[in-house]
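Chains as they are written, first to last, in numbering that gives the first Met the number 0: chain A, 0 to 386; chain B, 0 to 386; chain C, 0 to 386; chain D, 0 to 386.
In short, the hints are calculated from the structure, not lab data.
If you're wondering where the values come from, they're calculated on a predicted model, not measured in any experiment.
Glycine included, every Cβ here is placed at the ideal spot set by N, Cα and C.
Treat the hints with care, as some may be off.
Derived lysine to any residue pairs resembling SDA-like cross-links, with alpha carbons at most 20 Å apart [stated by the list, open to error]:
(1) D:Lys30 / C:Glu178
(2) D:Lys30 / C:Gln382
(3) B:Lys30 / A:Thr381
(4) A:Lys30 / B:Gln382
(5) D:Lys101 / D:Thr153
(6) B:Lys30 / A:Gln382
Output of the computed footprint for chain D on chain A, the stretches with three or more beta carbons under 8 Å from beta carbons of chain D [stated by the list, open to error]:
(7) 100-110
(8) 116-124
(9) 177-187
(10) 191-197
(11) 320-327
(12) 341-352
Number of protein chains: 4
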Amino acid sequence: MTTFADITGRLEKLAIEVPSWAYGNSGTRFKVFGSPGTPRTVKEKIADAAAVHRFTGLAPSVALHIPWDLVDDYAALATYAGDHGVRLGTVNSNTFQDDDYKLGSLTNADPAVRRKAVQHNLDCIEVMNATGSRDLKIWLADGTNYPGQADIRTRQDWLAEGLAEIYAQLSDDQRLVLEYKFFEPAFYHTDVPDWGTSYVHCAALGDRAVVCLDTGHHAPGTNIEFIVAQLVRLGKLGSFDFNSRFYADDDLIVGAADPFQLFRIMVEVIRGGAYDGPTPAALMLDQCHNIEKKIPGQLRSVLNVQEMVARALLLDVDALAQAQQAGDVLAANQIYMDAFYTDVRRDLAGFREERGLPADPMAAYLASGYQEQIEADRVGGTQAGWN
Amino acid sequence: MTTFADITGRLEKLAIEVPSWAYGNSGTRFKVFGSPGTPRTVKEKIADAAAVHRFTGLAPSVALHIPWDLVDDYAALATYAGDHGVRLGTVNSNTFQDDDYKLGSLTNADPAVRRKAVQHNLDCIEVMNATGSRDLKIWLADGTNYPGQADIRTRQDWLAEGLAEIYAQLSDDQRLVLEYKFFEPAFYHTDVPDWGTSYVHCAALGDRAVVCLDTGHHAPGTNIEFIVAQLVRLGKLGSFDFNSRFYADDDLIVGAADPFQLFRIMVEVIRGGAYDGPTPAALMLDQCHNIEKKIPGQLRSVLNVQEMVARALLLDVDALAQAQQAGDVLAANQIYMDAFYTDVRRDLAGFREERGLPADPMAAYLASGYQEQIEADRVGGTQAGWN
Amino acid sequence: MTTFADITGRLEKLAIEVPSWAYGNSGTRFKVFGSPGTPRTVKEKIADAAAVHRFTGLAPSVALHIPWDLVDDYAALATYAGDHGVRLGTVNSNTFQDDDYKLGSLTNADPAVRRKAVQHNLDCIEVMNATGSRDLKIWLADGTNYPGQADIRTRQDWLAEGLAEIYAQLSDDQRLVLEYKFFEPAFYHTDVPDWGTSYVHCAALGDRAVVCLDTGHHAPGTNIEFIVAQLVRLGKLGSFDFNSRFYADDDLIVGAADPFQLFRIMVEVIRGGAYDGPTPAALMLDQCHNIEKKIPGQLRSVLNVQEMVARALLLDVDALAQAQQAGDVLAANQIYMDAFYTDVRRDLAGFREERGLPADPMAAYLASGYQEQIEADRVGGTQAGWN
Amino acid sequence: MTTFADITGRLEKLAIEVPSWAYGNSGTRFKVFGSPGTPRTVKEKIADAAAVHRFTGLAPSVALHIPWDLVDDYAALATYAGDHGVRLGTVNSNTFQDDDYKLGSLTNADPAVRRKAVQHNLDCIEVMNATGSRDLKIWLADGTNYPGQADIRTRQDWLAEGLAEIYAQLSDDQRLVLEYKFFEPAFYHTDVPDWGTSYVHCAALGDRAVVCLDTGHHAPGTNIEFIVAQLVRLGKLGSFDFNSRFYADDDLIVGAADPFQLFRIMVEVIRGGAYDGPTPAALMLDQCHNIEKKIPGQLRSVLNVQEMVARALLLDVDALAQAQQAGDVLAANQIYMDAFYTDVRRDLAGFREERGLPADPMAAYLASGYQEQIEADRVGGTQAGWN
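Using the sequences and the hints, build the whole thing.
See the structure below:
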C-alpha cells in the first residue's frame, strides 16, 4: 500500500500555471460584475499571481494573453515577474475580439483576414522570444451560427495552411498548442470542435504541435480521461486548461463540479507518464471567477488540483493491476475508490509546513491583509477584464 | 385532405410579438460586435420593429425591457408606436444587471435586495398601466455557481413570497408570466430551472400567473412539444419565447436549428387550442442576432414561424387520428410528415399578395432602402445593446 | 463542528430497500450474461437480499416486482422473509412485458388495454394487502418512437383516469408512488418524462400519491438535488430509486459514477426533513449488476449510501448558514466540501462493530462462503431475470 | 438554379445497403416484441431485403452479421440472393454475445479471449472471400462499467495489435471498417468511443482501414456533418450506419428524428465527393424496428434517404459559394434552406415510374400481398432476432 510519505517526492513536482486574465473581471453575456482590488495593469495581475504562488508553492508561472497583456518591454516584465518569484509562461493569442474576426480568423473566407490572424500569431511568437516562453497556445473562436453560412470543409484547409505558416516560425524549443472547443461563441459549427480535429492538425504539423485539452470543452457525458489516455499514448497531449462545469463551458473552479472526474483525469495523466514521466503535459488553469473573489478563487483552484494529485498518486497501482487482470470488477473499483476517498488534507498541511508554506494557504491569505491592501490601493483606473 | 385554401382564415390570425432588444447589439461573453444602423433610442427600436410588421404583416406588437426601454412618457411612446402601425406589448423586468443582484434578486439572502427586486417589478406594472400592456414577464437570472453557496430550498420560499407580492398588484386583466431556464448565467443551480418549478409557482399564485416557455431553455434532448401539450392541458401556457439552438441557449433564429421541432411544437399548440382556440398563448421572439443583420434576422424569424404554422395547420388531423387509433405507427408518422414536407412557400407568397404585402418580404425589405437609410442616419450616439 | 459521535444516532435510522430483481440476471439489449448462483425462485432472491442485510444492517426490506415475483401465498412469503430477518416492501407493477402493451398500457389508445393495465395494478394492491406493503410503485414504459404516432395530449387524460381508478382502491395507509423517466424504452416521447408531470398527476390524485425519483431518469446535466429540494418542499417526494449513470439510465451502482452528486442529494434530503424528519422518503435501490456479482454489487451499493449519508450528516449546517447569509461564496463552498471530503470509512467500521456487524461487510461476505454455497447449490432450473 | 431534371442522373446512383438483421425482431432490454411474418432463416431475411429493393430500386445489397447469418454454403447463399435481385454485402463480425466477451473482446485482459476475437474476425474474412464481400465491419461492444475496472490505456494497445492482425489477412480489394460508439452496452468507458479513436487506429493500419460513422453513436449535440466533412477530407470515411435518434442510440428510422440533420449530412457527403465522387462512402442502414413492421420500416428508411439526397443535390452550390464568400450569413442560409424545403415527393414519384418502379413504393408494397403472405407462411420455427 502506498502511504503519503511515499508520494511527497512526486508531489513536490506539481506546478500549475495560472492565467493573467483570471485576476481581471469576467462574467457572462448578461453582466460582468466588477470587484474592488481588481488589477488595472499587467504588473498588478502578475503581482496577484505571485501571491497565489507565495501562499501555495504551486503556481510558479503566469500565462499571458495578447493583446490583453501587451506591454512595451517584455524583458522588463519578465524581470518584474522574477522579482516577484514567478516567471512568464504560455503566450495565448487572441483572434476573436477584433471586428475583422466576426466571421472567423484563420478560417475566414477573406484572405486578408486570414493573413491578419496569421500575423497576430507571428507577433505572439515575437513576444515568446522576448519572454522566453515555450508555448504558443491557439484557441480559435472560429465557427458559424447557421447551416450553410460557410464551407466547413474549405475552412479546414485554410486552417491547415495558417497553422503551417505559424508553426514554421517556431524555434526548436517552442511548441504550438492547439485547443479545441465543442461550441461557443459559435453555435452551429466550430472549426476545431474536438480532440480528433486538433490531433489531425497537430499530426500534420509535426512533433512540436500538440493538443490542449480544456476540461470544459466537451459534449455532455464525454469521458475526458479516455481522451487524456489516448492523447498521451499518441504523444500529443501538450497541456491542460483546467476548470470545471455542470453544463457547458462554465469555467468554474477546477474540481468544484465533479471532484471524482478530476481524480480520474489525474490518474490517467500519471498512468501515461504525463505528470512526472517522459511526456509531461503542462497544467494550467483557465477559469472565470464571475462571482467569487479572484485570488481566493485561484488559491482554491491550485489547492484542489494538489489534493487530487495526491489522491491519484496514492492509488495502489499494483493491487489495481492484479484485480484488473483477474477481471474482478468490484475489487478493482474499490481499490480505485479507496484512493479517491482518502482524506489527504491533514497530510498536505504538514507537507506544506515542512516546506515553509502555510498549512492552510486560504486562511493565511485571508489573514495576510493582501486583499484589503489591493482593495485600498487599486482605486481609479480601468479594471482589467476580457476586453 | 386539408388544402392551403382551407387554412388561410386561421393563418391570418398569426401575430408574433417582437422584442425591442432584438434590434440592438448582442453577443457572447467573448465579444459584442457592433453594426451600422443599430438603434440608439427606444423610438428607433420601435421604428425597426414596425418595419418588420410593415413587410410581413406578422409582427403587430413590440415587447419592452425595463430599464433598457425606460422613457419618461409611455403614453407618448405608445402613440409613437401606434403611428408606426404597431403597439406596445409585454413588459419584461430586469433584475440581473445591477450590482446588487450578483447573488440573486427575488431569491437573494439579503432582504433588502429581495425588496428592491420586488419593487422593480411593481414599477414595471406601473409601466404596463401606462402602456396598456397585459403581460409582465419575469425571467430570473437567479442561481448559484457552487454547491453549498446558497440554500436552494429557502430561496424557493423567498421566490414564492416575492412573486405573491408582485402578483397582488396586477389588475384583473394583467398577467404574470414566469419564465424558466435550465442554466446560464448561473452554472450550478437555477432558481426556476424547469417548467415544473414555474408551474408550481404559477399554480400557487392564481389564474393570472402563467408559464413562459423559451424554446432554448431546456436540457439537451428535452421533448419540448410534450411540455407544450402538458402546459396547455393544465391551462398554464402563457407565452413562448421563440428562438433555436444546437447546444445551449444559443438564441439563434427560430426554426434555423431544427425546423421539424418547430413544426412539432406548433402542432401541439394548435392541437391544444393555444393557437386560435380558447386558451391562446402569446407568441414572441427572443433571439440574439450576433452576426447577422438585425432587421433581416427578425424578418426571417417571423417568416419561419409563419411557414411552420402553415404546415402545422395543413396536418390532416382526421386521418391522423384514425391511424393513431388503429395503432398504425408508420401510417400515422407518414401523415404527420406529409404536412411537414409540404412546401408552402409559393402559397404563402400568394397569401401575402392578396393582403397587400410583398410576396417575398425579405427581398422587398432589402430592395426598400430602409437598411441603407438607417445606416446613413444613425451615426453617432450610443448604439443600443443589452446594457 | 459536528463529529462522527454526534451523528451515530441519526445514522442508525438509515434503511435502504433492496429490489428482488437485483439478484437475478440483467443486461443490455445486446446481451444478458448469466452467472453462477443466480436465484431461480422468489425465495432464493429473498435469501440473497437477507444476506445483504445480515452483513450490513442496512437493508431490512425487499421490494417485489409483479409478475416476476408472483407466488401463490404471499403471507407465507412474508413469513419466509421474516424468518430471514427482512420484510417485504414496495410492490412494483409491470405493464411493459406483455404483448398487449406494445403501444402503451395506461395510455394505450385501446380502452381494453387500458383496462387491463388498471386491473393489473389493482391486482398488485391485492398483493400489498396480503404482504402488508405500504407502497404501490408505478413505472410506465409508455411512450412513442415516432412523431405523430400517438396523441400525446389525450394520453395524459387517459393516464389521469387510470391512475384515479387505481388510487381509489388504496387503503388509507397505502400510497401510490409514480415514477418518471426521461426516455427508454420509448425514444420519441415518454408519457411521464419528468418530475413536473409526475407531480401534477400526484397532486390531482391526493395526499397519498407521491413522486418516485430515480436518480438515472433525467436529461443530461439535470440538477437532481434541486428537484429533491422542490419535491420535499411540496410534500411530494415519496421515494428514491438509487443508482448511478454516466450517460443514460445506466443503472450502475449508486455513488459509482458521481459520488459528489450523491452527497449533494443526501444533503437536500436531510435539509428538507426527508431523511429522519417529518416527511421521510423511502430509499430504494434500482440497479442492474450486468457484469459484477449481484450480492457484492448490492453490498457495495448500500455501503455507498451509508458512507454518503454519514458525510452529509457531518455537514456543519450552522457555519454553512452563516457563510450563506454573509454571501461568502467560497467559504460556504468550502464548508460544504469539507463534509464531502471527510473520510468516514474508519468511523463507520467502528460503528458497525459496536452494533455486532462486521467492520468490513464486503470482506466478511466474501470470506463467509455464502457465494460459494449458492454457486454450488443453485444448479439447474431457470435463473431469475427480467423476464 | 438546379432543377430536378438536372439531378436525375446523380440520383440514379443512390444505393443503400440494408442489414439482414433489420428483418428479425429487435427490442430494448425491457422487452423484444415478436411480430407475425418475421423471418426464421437467413434466406427469408434475404427474401425480405429483396422485396425492399424490388419496390424501391434503392437497396441492391444486404449486409450479413456473423454468427447470426451463419450458413454452410455462402456461395449458395450468394446465388440465392442473386436470384432475388440482390447481392451480399458487408460482413459484420460479432464479439459481444459470447460469455467470454463479458469484459471485452479485442481489448480483453485475457490473451485467450483476445485471440478468440481475432480469430472470429479472420473467420469473417473467410466468409467475405466466399461471398465476394468487400467490407469487414467491426463494431466493438468493448468497454467498462466502473472506473478502475480496467486499464483503458493498455486496452488501446491490445486493440491496435488485434486490428493489425486482422488487417493483415485482408486481400487487396477488401477493407476493414471500424465503427465507433459513444456508449452502450458499456456505461463508463468505450474502447472506440469517437471518430478520433477510430481514425487513429485506421491511420495506423493503412489505406484499406476506414471509419464507419453510425449516425446514432455520438454525444448529445455533436455536429455530425462536421465529422463527415473532416473524415472525407482525410480520406477515411468508409461507410455510414444510418438511423436516427432523439436521445441515445435509439436506432429509429433514418430521417425520422431530425430530417434537417440528414440533409446537412448528405450535403457534406456530396460536397466532399463521397457520394458520386472519387471517394465514395458506403451507405448502410442500421436500425431497430421495435414497434413498427420491419419491411415497411425499411421501405420508409431508404425512401427517406432518397428524398434527402434529392434535396441535397438540388442545393445551388454556386449561389451558395457566392453568398458564403460575400459573408452574407442570411443569404447563404436561405439558399441552403431553400434546397431543404423543396418538396421533391412528386418529382420522385415520376422518377420512379420512369424507371418501372411504383410511384409510391410504400402503398405498392402494402397492396402487394407480400406482407400477408409471409405472415401466413412463416408460422412455427424460431423467429430471427439478435440472438
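Here is how each hint holds up against the structure:
1. D:Lys30 / C:Glu178: holds, 19 Å
2. D:Lys30 / C:Gln382: The hint holds at about 17 Å.
3. B:Lys30 / A:Thr381: Judged against 20 Å, a Cα distance of about 18 Å means the pair holds.
4. A:Lys30 / B:Gln382: Between Lys30 (chain A) and Gln382 (chain B) the Cα gap is close to 17 Å, so the pair holds against 20 Å.
5. D:Lys101 / D:Thr153: holds, 18 Å
6. B:Lys30 / A:Gln382: holds, 17 Å
7. 100-110: holds (count 3)
8. 116-124: As far as the region 116-124 of chain A goes, the hint is violated, because 0 residues have Cβ atoms under 8 Å from chain D.
9. 177-187: That given contact holds, which follows from 3 residues of the region 177-187 of chain A lying within Cβ reach (below 8 Å) of chain D.
10. 191-197: Satisfied; 5 residues make the cut.
11. 320-327: holds (count 4)
12. 341-352: n = 0 at 8 Å, threshold three: violated.
Comparing the model with each earlier hint shows violations of hints 8 and 12; every other hint is respected.
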